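> As given, the protein sequences belong to chains V, P and F, one line each in that order. Under the working numbering, the final residue of the first sequence carries the number 216; numbering is consecutive throughout. Under the working numbering, the final residue of the second sequence carries the number 242; numbering is consecutive throughout. Under the working numbering, the final residue of the third sequence carries the number 194; numbering is consecutive throughout.
Derived by calculation from the structure, the hints in this document are not laboratory data. Quick caveat: nothing in here was measured; it's all calculated off a predicted structure. Backbone N, C-alpha and C fix where the C-beta goes; we use that ideal spot for every residue, glycine too. Warning: the hint list may mix true and false statements.
To be verified - Cβ-Cβ distance ranges computed for the label pairs, FRET-style:
1. F:F126 / P:E72: 53 to 59 Å
2. P:S194 / F:F126: 45 to 51 Å
3. V:W11 / F:R102: 47 to 53 Å
4. P:E43 / F:S97: 45 to 51 Å
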Amino acid sequence: MGMNKSDDVTWDSFAEGLWRENPVFVMLLGMCPVLAVTNSAINALAMGLATTFVLMASGLLISLMRHLIPKQVRIAAFIVIIATFVTVVDYSIQAISLDLYNALGAFIQLIVVNCIILGRAEAYASKRRPALALISALGMGAGFTFALLCLGVVREILGAGALFGFDLFGANFEPWVVMVLPPGGFIILGAWLLLFDWRKHRTQLRSLQEERGRAG
Amino acid sequence: MKGQDAQAPATPALKMLIVLGGIAMLSGFLVVLVDQLTKPIIEANQQRAIERAVFKVVPGATLRRNYLVTPEGVHPAGDVGSGNGITVYGGYDDQGRLKGIAVNGAGMGYAGLVYLLYGYDPDCACIRRFEVLKMTETPGLGDKIISDAGFQANFIGPDGLSARLNGAGTALENAILTVKHGSKQHPWEIDAISGATITSKAVGKALNQSAQNLLPLLAPHLEQLKRIDIAPAESPTNGKGE
Amino acid sequence: MPAESLSFIFINAALANNFVLALFLGLCPFLGVSGKMETAVPMGLATSFVMLVSSICAFGINLLLTSFDIEFLRLISYIAVIASAVQLVEMTLKKFSPGLFRALGIFLPLITTNCAILGLALFQTFKEYNFLQSLVYALGAGAGFTLAIVLMAGLRQRLALANLPTPARGAAMSLMLGGLLSLAFMGFAGMGGH
């Protein structure tokens, strides 16, 4: 019964994915869509929500079936389940807005190979209660959406001088077009990671100093 | 944990097949359900997208009729591509008068094909507007063909972009050509955007190729399109007495 | 409708629209395996090989699905086929070319979750390429992936010798380098089409 503690639904099971184990900034997972669809904030938001839905739906189903799925074929079963929900999302987005669908292109279908989803299915959902799997998936999805938005907002402001399609700076602003182009994606994500790493480094340094201070 | 590991290899093949089959059934059911549910909405969305683009490139149009143009003639057509021929969209005003014809075209741009829809005005034998449906051109450079006022002026002016057929009606009198920025001299030339010449050329190529293919087939039947489409049957009382 | 020429498709997939540097597909191995030249080259070759195989499979499947009018099963069947194609490639190599298998062996399972493979299959379907075009597209994509990962490995080997501040030693600097590489590859845009 050593699992007892991690079996409770706590605030942490949600917040863990959002911040401490943020899939993008901390675990460096699912980078392809992070860079590919974040040239505007609205695309980033749509992609984040779509991924969150797939995470939650597949997490719930896999958790419900966790005693049924034999170990040897679990990966195949997970992939089929995930692909199903991705197809559902794909058709739903087409029904909601064709413009959005055209902007996201094949990347909606590529959610299926997003390592976060299979990773969470294997490491978490297949071992936990449905409620816990659902909450954790929501947290991971929120963390992923947050990361996408971080990139999308910065890239749209710099690269198009707008936010969610609304012009921010007026006609005199010359947009840094490179930011909405592929190189901008790499550079902005690099900058965000640098910021996170720097923060982590500083906290580590500080706790080290405190320890030393206590020891001295 | 130990017990689970020891038990795992003992799972009979039959159980695996049943579970996998069950999952496949479930996912098949879900996917078909969603496909059936969303199909009408998606089709309606596509219709609306076509309609919006047609009304944009044919100024003054409020009604749309689809036609299939083949070497044998022009026939009314559905929305889904039927048979081999060129699908065109006739744009009509409230009284059912033909305002223009919207046609698809595609040309090779900088980073791939540029797909567009253009409005042909039979009255002036010219192209009045175009709308980009899909392209992968560089943002900020190639996509100026949509936003650049100077480029749009090639089409919006009083005479549009000339697309007149030659005397025999077999091809355009003068092929539509994209020329370097600032060197446009004739009404069938497109003044390119400086810094986005290749994308400008793609528009020229798309328009030229499509017009060369379509107009010789369409021209003999134009009268038929103008007359056939009378306003919908909602106001039959307006008919003049003899 | 004009068709894209074969030379354009190849150059476009390999350079101008490089799968890694412009379309962001296959970033996990790009960042994960590009640390050393010795692993980068076999990874690139293995991926190219699997790309070719799955491109052919995807073309066949799409033909089958469209003829039965069940396109909504496309994603599920593509992912299943790619996973089995990787397995098949692994087994074939093991049997007929043990040397090559030993060189590529550990990379093959990694390739299943490489989104460049599924991306390739999906893009060739969306672009409605015919068989020959799909084949050339797969070859171009593979060549582009190998080129990008090898270039990156070269850069990172040099980077390892540089004296960076501690927080910048993680993935951040690799991404920045990727950005510069991507900027350089943008110069190839427009090649091959004219």
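> Now, for every hint given, state plainly whether the structure supports it.
Here's how the hints hold up against the structure:
{"no.": "1", "hint": "F:F126 / P:E72: 53 to 59 Å", "verdict": "violated (33 Å)"}
{"no.": "2", "hint": "P:S194 / F:F126: 45 to 51 Å", "verdict": "violated (32 Å)"}
{"no.": "3", "hint": "V:W11 / F:R102: 47 to 53 Å", "verdict": "holds (49 Å)"}
{"no.": "4", "hint": "P:E43 / F:S97: 45 to 51 Å", "verdict": "holds (50 Å)"}
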